[in-house]
Amino acid sequence: MARYVLKRLLWMIPIALGVAVLVFTLMCFCPGDPAEIILGSTATQENLAAKREELGLNDPYIIRLGTFLSDTFIHFDLGESWITGASVKEAIAERLPRTLLLSIIQLIISFGIGIPLGVMAAVNQNKWQDNLCMALALIGISIPNFWLALLLVILFSVKLNLLPAMGIGGIEYYILPALAGCTNGIAAGARQTRSSMLDVIRSDYITTARAKGVPEWQVIVKHGLKNGLIPIITVMGTHFGKMLGGTMVIETIFAIPGMGQYIINGVNNRDYQVVQVGSIFLAIAFSFCMLAVDLLYAAVDPRIRARYAKGGKRRAKKA
Amino acid sequence: MMVSVTNAAVSAAPRKKQSEFMRVMRQMRKNKLAMLGLIIFIAELIIVLLAPFISPYDYTAMDPIAIRQGPSLQHWFGTDDLGRDIFSRILYGGRYSITMGLFSVAISTTVGMSIGAVAGYFGGQVDNIIMRLLDIIQSLPAMLLTIVISAVLGSGYGNTILALSVNGLPAAARMLRAQMMRERDNEYIEAAQSINCSKFRIIVSHLIPNSFSPNIVQATMGVANMIVMAASLSFIGLGVQPPTPEWGAMLSGARQFIRQSPHMVIFPGLAIAITILALNLMGDGLRDALDPKLKR
Amino acid sequence: MKKLGKKLVALGLTLSMFALPLAGCGGSGDGAQTTAAGGSGDGGAESTAAAEVSGGLSSLEDGVLDIGVTVSWETLTPFRSNIANNVPFAYAAYETLAKLTGDKEYIPWVAKSWESAGDGVTYNVEIYDYVTDSAGNSITANDIKWMIDESKEAGLKPCFSKVDHVDVTGDYTLQIVMTEDMVGAFEQILTNTFVVSQAAYEGSKDQFATEIISTSSYLMTEFVADSVISFEKRDDYWQKEELIEPQNAANVEKLSFHLIKEASQAGIALETKTVDAFVQLDQNTATQFEGNPDFTLKAMSYINGYQLYFSGDESRIITDDLNLRQAICYAIDTEGLINGVFAGYGQKMHDPIADTSVGYLEKWKDEEYYDYNPDKARELLEQSDYNGETLVLLATSGSTMQRLCQMIQGYLLEVGINLELNLVDTALYTATRLDGSQYDMTINTVGGDSLPDHWSIRYDCYAYSTGDATGRHDEELAELLRTTWTQAGFTEENIDAVHNYLKDNMYAYGMVQPENIDVWRSDLGLQEAVVTNKGSVNCLSSVYGE
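Protein chains in written order, with numbering that gives the first Met the number 0: chain A, 0 to 318; chain B, 0 to 295; chain C, 0 to 545.
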């Protein structure tokens with residue numbers, strides 16, 4: 000098991016490198032001169048030339064890429080933002096937790112609501128409860144989240160005066176942003192739970208359990224849900240990635256200084272260092288999340304655990 | 000002898016596809032919700048196609064006197080901050096929003112499937128390399144990748160479609176590949192190989208037609224996803240150029256008036272939501288129809 | 000049949016989902032106002048009672064004045080121009096040698112006095128001899144020289160490129176020599192030189208990116224990049240009480256600036272009392288507070304106007320076609336723009352420069368300046384060489400600019416001119432704006448403390464490698480500018496000549512000079528608002544309460 004985890008952790012290195020190269024290359028094609036943006040609209044030609052030289056923009060692509068990769072991955076020097084001069088490492092240390100917190104709360108809400116909805120739908124298949132839950136899920140998918148964000152702010156902050164509408168602070172500041180961003184997750188969770196539960200609920204061991212006189216809720220949770228969990232976890236994993244990206248919009252609306260805003264500002268300002276390093280960190284965060292998903296598989300399914308222990312490839316979810 | 004085997008191998012696939020298609024359609028027709036989705040979507044397509052005949056006003060025509068008016072008989076959905084008729088703009092906007100969704104999915108599915116087909120058929124090192132590259136693309140949040148590509152390409156209709164299509168690519172490739180892995184070991188492929196069918200031909204006329212049904216479901220849902228993504232891009236300030244009435248652009252341009260003139264925000268949002276709802280209903284229906292477990 | 004039930008439930012829910020906000024917001028036009036008005040009854044009563052007790056900002060629940068702002072900040076470094084120019088908290092963060100007030104007067108701050116040596120380029124400056132920063136470092140002439148030299152080297156504030164060199168002539172006196180005799184250039188140095196101790200700066204871990212040690216009367220207590228910055232009044236401020244100018248007074252104990260970029264959220268922040276005041280609120284959002292007794296609106300002329308610059312590059316048809324340029328000006332209804340884009344908060348311009356700039360002649364306001372006249376536009380278009388080509392308008396992609404450009408597109412179409420909008424992000428705009436071959440016209444909002452400041456950026460064909468800011472090479476105009484911007488040549492007659500030259504040749508059309516709107520909670524009792532030279536309220540120095 001430890002070997003498997005180690006292998007997965009090592010695999011993150013080429014992923015991070017690949018992301019670095021990919022984003023670096025994309026930013027190279029980005030129109031706009033960083034020197035001009037840094038110096039402002041009235042900079043003199045000499046100043047511009049000097050700034051370009053200082054940033055190394057005159058060097059050939061391959062040298063710049065090499066410098067960037069060696070600084071980042073060998074010297075662990077994440078550099079400074081070109082625009083602000085502030086350390087990128089510190090900025091990320093400040094911002095990444097906010098974005099992760101937001102995404103995790105979204106995930107918790109998504110599945111805290113989604114799974115019970117799905118179970119309710121499956122247990123009452125084709126009754127009104129089922130219809131209601133699935134209708135809710137469909138609506139969840141259909142609403143653009145920034146639109147919902149605006150409506151939520153009006154309802155909960157302006158009309159009811161219950162929750163703060165923007166900014167950062169205690170956990171209450173994350174509730175509205177998380178609600179706005181998690182409708183897709185709730186819907187996906189509910190739909191997946193329903194279909195896995197339906198698969199499981201007809202199987203023999205459930206019937207056996209019922210025949211043995213096990214209480215109905217125990218049948219559902221212990222026997223049904225537990226065995227239907229793997230596809231639900233997969234959905235959870237993919238949605239975490241979506242949420243990490245979706246926070247870009249949510250953070251803008253709710254004035255949360257997280258990674259999304261940081262990278263968007265970086266793109267707008269052609270602050271290459273910020274965009275590159277920021278993307279690498281998001282990718283690593285995502286990879287960790289995927290690893291967590293795979294470990295969760297192992298936790299719920301002894302067969303998968305055995306396969307990991309043997310050092311087998313992770314193909315369980317792709318099948 | 001040789002010839003007849005070839006014919007059998009080649010014609011087997013299309014015939015199977017044909018019957019598969021009919022079966023799926025039958026299954027679909029039984030599913031009322033899916034049909035509802037299909038009807039809504041087709042109705043939308045017809046409406047936006049006929050936009051020039053239906054829309055009461057020119058979608059760029061401004062009326063400085065009628066600024067931000069609520070819904071009325073003259074302006075069914077009210078007017079926007081420049082006095083333009085929102086109903087007309089939504090009709091025309093559908094052309095942009097829906098086609099952006101369709102085209103970007105078409106591109107990502109086609110390219111993604113080609114990549115997946117190559118990986119799935121050849122397997123081994125080719126497969127390994129392609130999959131690792133896709134891993135890299137997929138480890139970036141889709142929105143981030145789209146924003147960066149959008150910044151590289153610049154704004155505008157075509158560029159936005161390209162930027163959007165990149166993020167659907169890995170998923171399409173993976174899905175087809177997984178499906179092909181299963182199909183690859185079937186006898187008819189062996190038969191085709193045994194008669195020296197070219198690899199390209201095997202991929203195109205045997206493997207893909209027999210493997211792509213999950214991709215159809217994915218594509219249907221993908222269109223919905225892309226429409227939302229395009230709207231988010233407009234929100235960030237990328238996306239189409241004004242005065243193009245893309246729904247997301249309308250929404251993001253109107254959002255600062257949400258307190259004073261909520262109708263400006265409600266109607267474009269509604270248009271997006273209904274389209275996505277319809278596409279998801281269709282996708283659900285398709286998935287059920289294609290699900291082998293439900294085959295009866 | 001059960002599926003049908005599902006369908007109906009789904010449909011019903013969908014509809015009710017959408018009806019909910021509709022109903023909720025549909026009433027909000029008047030609904031919001033009634034709730035707000037209802038609230039004002041208690042709020043108002045409370046505040047008067049509180050004001051009677053202690054006066055001043057007593058209505059603040061937590062003693063902190065929370066101010067919403069729209070300009071983002073990511074760094075506090077004293078070397079960046081955007082910090083110096085646009086951020087409302089700049090006055091709390093740093094002090095400068097002198098300050099330009101809202102009345103266009105230069106008042107001393109860290110500098111005690113300054114005088115010209117008479118040759119137009121040499122100036123002597125004396126600073127107070129007891130200036131100390133919050134860490135206890137005393138400020139000498141060497142610190143000032145260091146700051147000017149560093150600013151010049153960093154190149155981040157363009158005005159410093161006009162400094163030739165600085166000599167320290169005593170512990171607290173220095174001589175600044177400019178490169179050329181240009182009106183306003185030295186004063187810009189006075190107002191842009193942040194006073195910082197060299198030792199403190201060099202001891203800082205990140206060159207003041209996230210911390211500040213300055214001479215300001217406020218101490219920064221909290222800084223979250225892109226979110227919040229808070230200040231607290233210092234007890235040990237260096238200046239003697241009786242020498243503090245009212246415009247530099249520190250009348251607020253504690254204050255926080257909150258970055259809120261979303262216009263819709265800005266209004267909501269005020270409504271929900273997340274902030275007590277909002278500086279530079281979007282005009283359209285501000286309209287929701289009009290006539291609401293809970294809030295006080297203060298509209299002040301913005302220092303920058305929206306100007307339409309015509310390309311000067313030879314490859315564009317517009318460059319040699321004066322008739323076409325004039326037709327475009329006549330076709331644009333500036334009053335319509337003010338109402339449509341700025342919710343009525345703005346005034347028609349009579350020159351590309353805003354009327355707040357030093358050197359602006361009031362008589363221009365009585366002149367005819369391409370007033371809206373579509374017939375005349377069509378007539379001029381007849382005489383021009385224009386044959387239905389599509390012209391390109393380059394601008395940035397902010398929401399105000401988007402609306403402005405779309406309206407202009409509409410006006411031009413009305414007289415038969417086809418216009419394509421090319422709205423790009425700021426980075427791309429910065430990269431293309433000087434290249435006149437990329438556009439026929441571009442919209443910019445270039446201000447300037449004084450006319451020469453503005454002119455030298457825009458119309459001086461020696462300023463950039465491509466010519467002037469639109470790629471034009473008009474040496475006659477450059478000559479005219481150069482004779483006008485010296486101290487001796489800065490006469491009304493010469494200024495008027497430049498104005499007329501620009502107007503007759505129509506290189507740049509001043510459209511709208513919008514108003515900044517600051518919205519205050521009425522119960523703060525803003526008495527005497529100190530207005531900054533940027534046209535907004537200086538929250539620190541204003542007087543509150545009874």
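Treat the hints as calculated values from the structure; they're not laboratory data. What you are looking at is a predicted structure, and each value in this text was computed from that prediction instead of being measured. Glycine included, every Cβ here is placed at the ideal spot set by N, Cα and C. Among these hints, one or two may not hold up.
[Unchecked claim] To give a feel for the contact side, a few chain C residues facing chain A, derived at Cβ under 10 Å:
1. Val-70
2. Ser-160
3. His-164
4. Val-167
5. Ala-224
6. Asp-225
7. Leu-258
8. Thr-271
9. Pro-373
10. Asn-417
11. Leu-418
12. Asn-421
13. Ala-430
14. Ala-462
[Said to hold, decoys possible] Think about it this way: if two alpha-carbon atoms lie no more than 30 Å apart in a straight line, the pair counts; the simulated DSS-like pairs of lysine-lysine are:
15. Lys-103/C x Lys-232/C
16. Lys-239/C x Lys-253/C
17. Lys-221/A x Lys-211/A
18. Lys-158/A x Lys-260/C
19. Lys-126/A x Lys-29/B
20. Lys-103/C x Lys-88/A
21. Lys-347/C x Lys-364/C
22. Lys-239/C x Lys-272/C
23. Lys-151/C x Lys-204/C
24. Lys-362/C x Lys-297/C
25. Lys-232/C x Lys-204/C
26. Lys-260/C x Lys-239/C
27. Lys-204/C x Lys-272/C
28. Lys-111/C x Lys-232/C
29. Lys-297/C x Lys-158/A
30. Lys-347/C x Lys-88/A
31. Lys-211/A x Lys-6/A
32. Lys-272/C x Lys-232/C
33. Lys-88/A x Lys-6/A
34. Lys-260/C x Lys-241/A
35. Lys-126/A x Lys-31/B
36. Lys-151/C x Lys-88/A
37. Lys-272/C x Lys-260/C
38. Lys-158/A x Lys-239/C
39. Lys-375/C x Lys-103/C
40. Lys-364/C x Lys-297/C
Hint-by-hint comparison with the structure:
Below 10 Å, beta-carbon pairs count as interface contacts, and Val-70/C has none with chain A, the closest being about 13 Å; its hint is therefore violated. Evaluation of the Ser-160/C hint against chain A yields a held restraint, the C-beta minimum of about 6 Å falling below 10 Å. The restraint placing His-164/C at the interface with chain A is violated, with a minimum CB-CB distance near 17 Å, outside the 10 Å limit. This hint is violated: Val-167/C has a C-beta 25 Å from the nearest C-beta of chain A, more than the 10 Å allowed.
For Ala-224/C, the interface hint holds, the least distance from its beta-carbon to any beta-carbon of chain A being 6 Å, beneath 10 Å. Because the smallest distance between the Cβ of Asp-225/C and any Cβ of chain A comes to about 4 Å, under 10 Å, the interface hint for this residue holds. A least Cβ separation of about 6 Å between Leu-258/C and chain A falls short of the 10 Å threshold, and the interface hint therefore holds. For Thr-271/C, the shortest C-beta to C-beta distance to chain A is roughly 5 Å, which falls under 10 Å, so the interface hint holds.
Given hint, Pro-373/C at the interface with chain A, is violated; its Cβ is 33 Å from that chain's nearest Cβ, farther than 10 Å. A distance limit of 10 Å between C-beta atoms decides the matter here; for Asn-417/C the minimum to chain A is near 25 Å, and the interface restraint is violated. For Leu-418/C, the interface hint is violated, the least distance from its beta-carbon to any beta-carbon of chain A being 22 Å, above 10 Å. Using the Cβ-Cβ criterion of 10 Å, the hint placing Asn-421/C at the interface with chain A is not satisfied: the shortest such distance is roughly 12 Å.
Proximity of Ala-430/C to chain A holds as hinted, the smallest CB-CB distance being about 4 Å (cut-off 10 Å). Using the Cβ-Cβ criterion of 10 Å, the hint placing Ala-462/C at the interface with chain A is satisfied: the shortest such distance is roughly 9 Å. Distance restraint check for Lys-103/C and Lys-232/C: the Cα-Cα separation of roughly 27 Å lies within the 30 Å cut-off, and the hinted pair is therefore satisfied. As the CA atoms of Lys-239/C and Lys-253/C are separated by approximately 21 Å, the hinted pair is consistent with the 30 Å bound.
For the given pair, Lys-221/A sits about 14 Å from Lys-211/A by alpha-carbon distance, which is consistent with the 30 Å threshold. About 22 Å separates the Cα atoms of Lys-158/A and Lys-260/C, which keeps this hinted pair within 30 Å; it holds. For the hint pairing Lys-126/A with Lys-29/B, the CA-to-CA distance comes to about 19 Å; that is within 30 Å, so the pair holds. A hinted pair counts as satisfied when its Cα atoms are at most 30 Å apart, and Lys-103/C with Lys-88/A does not qualify at roughly 43 Å.
Of the supplied pair hints, the one linking Lys-347/C and Lys-364/C holds, its CA atoms being roughly 9 Å apart against a limit of 30 Å. With a C-alpha separation of about 36 Å, the suggested pairing of Lys-239/C with Lys-272/C is violated against the 30 Å cut-off. Proposed proximity of Lys-151/C and Lys-204/C is supported: the alpha carbons are some 22 Å apart, at most 30 Å. With a C-alpha separation of about 26 Å, the suggested pairing of Lys-362/C with Lys-297/C holds against the 30 Å cut-off.
Proximity of Lys-232/C to Lys-204/C is assessed by CA-CA distance (about 24 Å); at most 30 Å being required, the pair is judged to hold. Taken as a hint, the Lys-260/C and Lys-239/C pair is broken in the structure, with Cα atoms around 38 Å apart against an allowance of 30 Å. Our distance criterion of 30 Å between C-alpha atoms is broken by Lys-204/C and Lys-272/C, whose separation comes to about 36 Å. With a C-alpha separation of about 23 Å, the suggested pairing of Lys-111/C with Lys-232/C holds against the 30 Å cut-off.
In summary, the hint linking Lys-297/C to Lys-158/A is supported, as the alpha carbons are separated by about 26 Å, within the 30 Å threshold. A C-alpha spacing of about 48 Å is found between Lys-347/C and Lys-88/A, which places the hinted pair above 30 Å, so the restraint is violated. With a C-alpha separation of about 44 Å, the suggested pair Lys-211/A and Lys-6/A falls outside the 30 Å cut-off, and the hint is violated. Note on Lys-272/C and Lys-232/C: the hinted pairing holds, with a Cα-Cα distance of about 23 Å set against a maximum of 30 Å.
Distance check on the hinted pair: Lys-88/A and Lys-6/A sit about 26 Å apart at the alpha-carbon level, within 30 Å; holds. About 24 Å separates the Cα atoms of Lys-260/C and Lys-241/A, which keeps this hinted pair within 30 Å; it holds. Restraint check for Lys-126/A and Lys-31/B: satisfied, since their Cα atoms lie roughly 16 Å apart, inside the 30 Å limit. About 29 Å separates the Cα atoms of Lys-151/C and Lys-88/A, which keeps this hinted pair within 30 Å; it holds.
Pair hint Lys-272/C plus Lys-260/C holds up; C-alpha atoms about 17 Å apart against a cutoff of 30 Å. At roughly 49 Å between alpha-carbon atoms, Lys-158/A and Lys-239/C are farther apart than 30 Å, so this suggested pair is violated. The hinted pair formed by Lys-375/C and Lys-103/C fails the criterion: a straight-line CA distance of about 38 Å is larger than 30 Å. In summary, the hint linking Lys-364/C to Lys-297/C is supported, as the alpha carbons are separated by about 23 Å, within the 30 Å threshold.
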